[in-house]
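**Q** Each chain, letter by letter, is given below.
Number of protein chains: 2
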Amino acid sequence: MVTSFFGVNYREVEVGEVVTLARQQPLLLACGQTIADFPLAYQTYGTLNARRDNAILVCHALTGDQYVCGTHPVTGKPGWWDRMVGPGKPIDTDRFFVICSNILGGCMGSLGPKETNPKTGQPYGLGFPFITMGDMVNAQALLLDHLCIEKLFCVIGGSMGGMQALEWAVRYPQRLFSVVAIATATRQSAQNIAFHEIGRQAIMADPDWCDGDYIAQRKYPAKGLAVARMAAHVTYLSQDMLQEKFGRNLQDREEYTYGFGADFRVESYLRHQGMSFVERFDANSYLYLTRAASYFDLTEGGKHSLSNVFADTKIRYLVASFTSDWLYASAESRNLVRALNSVAANVSFAEIDSDKGHDSFLLESAEFDATIRGFMRGSASLAGIA
Amino acid sequence: MVTSFFGVNYREVEVGEVVTLARQQPLLLACGQTIADFPLAYQTYGTLNARRDNAILVCHALTGDQYVCGTHPVTGKPGWWDRMVGPGKPIDTDRFFVICSNILGGCMGSLGPKETNPKTGQPYGLGFPFITMGDMVNAQALLLDHLCIEKLFCVIGGSMGGMQALEWAVRYPQRLFSVVAIATATRQSAQNIAFHEIGRQAIMADPDWCDGDYIAQRKYPAKGLAVARMAAHVTYLSQDMLQEKFGRNLQDREEYTYGFGADFRVESYLRHQGMSFVERFDANSYLYLTRAASYFDLTEGGKHSLSNVFADTKIRYLVASFTSDWLYASAESRNLVRALNSVAANVSFAEIDSDKGHDSFLLESAEFDATIRGFMRGSASLAGIA
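First to last, the sequence lines map onto chains F and G.
With the numbering used here applied, the first sequence corresponds to residues 1 to 386, in that order.
With the numbering used here applied, the second sequence corresponds to residues 1001 to 1386, in that order.
Check the hints yourself; a few may be wrong.
What the hints assert, rightly or not - Chain G regions said to be covered by chain F (calculated; three or more residues, Cβ under 8 Å):
| no. | segment |
| --- | --- |
| 1 | 1017-1023 |
| 2 | 1101-1115 |
| 3 | 1182-1193 |
| 4 | 1224-1236 |
| 5 | 1364-1373 |
In short, the hints are calculated from the structure, not lab data.
The structure displayed is predicted, hence computed values, not measured ones.
For each residue, glycine too, the CB sits at the ideal point set by N, CA and C.
Required output: the full structure, derived from the provided sequences and hints.
**A** Written out as structure tokens, the structure is:
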């Protein structure tokens, strides 16, 4: 089904597998509200072995979804980590059983603000409860219960997916053999918070946002959401990469037009990023998920030291960062590694040389691939996975 | 007079001195259009000496204006460079005659899109001609003609003011003794262009922008302009400075509210920046001035090498950058210095240690002040200014 909002085709999502969780007992959220009988959409790749010990949970980033590899049913493009996950790939689905669920608050089939609130029969909109990274992880743990997987071989994620991986390490250490945290941090920095606030303000400034009630009012804040995406997208790329890829090149013209059209290729590119995002993402989800990110802080506002958070951890860690990532800079990863080292954790740190900025974790990189492949092989061998 | 648009007090500007330029002969703009009989608003500080050789033209940045020092008549706050310009200050008005004009396309009394188009009797809006950094400088040159100043002792500016200073060096080398270019570049980078495009899209996404016709329609794109300012403001600050000043501190609350209010101090700060900007700046001016910035490239798209641009220059240059400025990074300044060195120009380069990002040029810094003071004293001595 194709629903048209505001001249944009907002394609009805094909959500794949969906499980209804918290049937017996509601899930208590950090905000104090509870959710029950809620859907979580997920995909699996590869085969769960007889010992049920070869499962890897892949956590997606802010605007990712459960379609890690293969062809995405909505966009028709390869899944967001097709390069990394699959038969013979660094996360080898010939060996591992890979699970990825659309995060709580998302818009690809899991419970989120565009789903129907059973109490009102209307989409939740701003009636959706606020969620945190911990809530997302708790929902994923319920999914594992449903799949009868007691312990994960690994939980892995980049960016906001890395935050989930770290939350896993803190909340369910006994359910993990290893954790891979990529291009992430133990808390959102002031600059991270600032950029997300800009995005939210752009959405909420759009009158078609309708105070979050746009679905019922048959509107869509496409312009605001596109601006939010543009503002975020530029933070995913390094200055050098932008300069090398676009420079001051003009878009299909030889001279300045002396106008407000997309004279420059980088302008055209950003506009395209904004417009195509609007087709695949829900504006309220964007608000809730960026809010969850800004609330993320493993020390809970300094109530605990970072070392204490990881005290006595038995998990094997791999922390990876990229030299040109300024959104989640290497310094953030080093900070995490220092905390892990100070509690004598088993941690390996790889700072990958890259000029592609934060998005490096999604892009081709032989060094990064080899790092992940090596960690998976070595850890699997240690865990006795065939 | 106070005009209220959209619940915001958009104060009628007090423009101070205004001269009408291009009375005899129209000024040809880069876009091919001409302007004639146009107003340029300016302020002067100090006294022009008998030889008329002690004049310093200060060029303001994107959203600055002619009120360099003293109390700003609109905001009631000190002028934007009050710290730097005044009696006994690094740019000493006891010794120098300081001129600053509101740039062409601005909104503080000079010809800009909110002024009345004599052909229609309505505000220009999008009927305003597109302007470039070169056009701004040509208008400033006409102002100097009006003031009967043939040669400037110095032209100085930071950020977009620095671009004007460099345009001066290229267009009117015979009218300059020295140039100071601070926290700037010889062209807008792809990342600079991208951030400005985001700001423009935020403004144009606001339905109260009315395709630029908001004044006639008695509307104002306050929300869009505020988002644009927020997106720009975060680029003016360094990551470290944001972390040190705001960190994850909450705003007047002890716990997360689990809401979309400004839970974090950095969010509250950014919102304030957005809202206060709307009171003092015209949205269409913002569009035109950021466009002028994106068109800035001394090599004209690579038609000339940067060295050739400065060939045979006799001007004394000071180039200054700040270590934590990522918007106009030191590498950009070094690039300029290399080009000047390759034509044996008289150039001094100061990379100032600062953690305050691009805005450093506006902020307290003993090292920076001493650098400017020293350059002014030494150059004045060489120029024989008492």
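**Q** Determine for every hint whether it applies to the structure shown.
**A** Verification of the supplied hints:
1. 1017-1023: Check failed, 0 qualifying residues.
2. 1101-1115: violated (count 0)
3. 1182-1193: holds (count 6)
4. 1224-1236: holds (count 6)
5. 1364-1373: Violated, because only 0 residues of the segment 1364-1373 of chain G bring their Cβ atoms closer than 8 Å to Cβ atoms of chain F.
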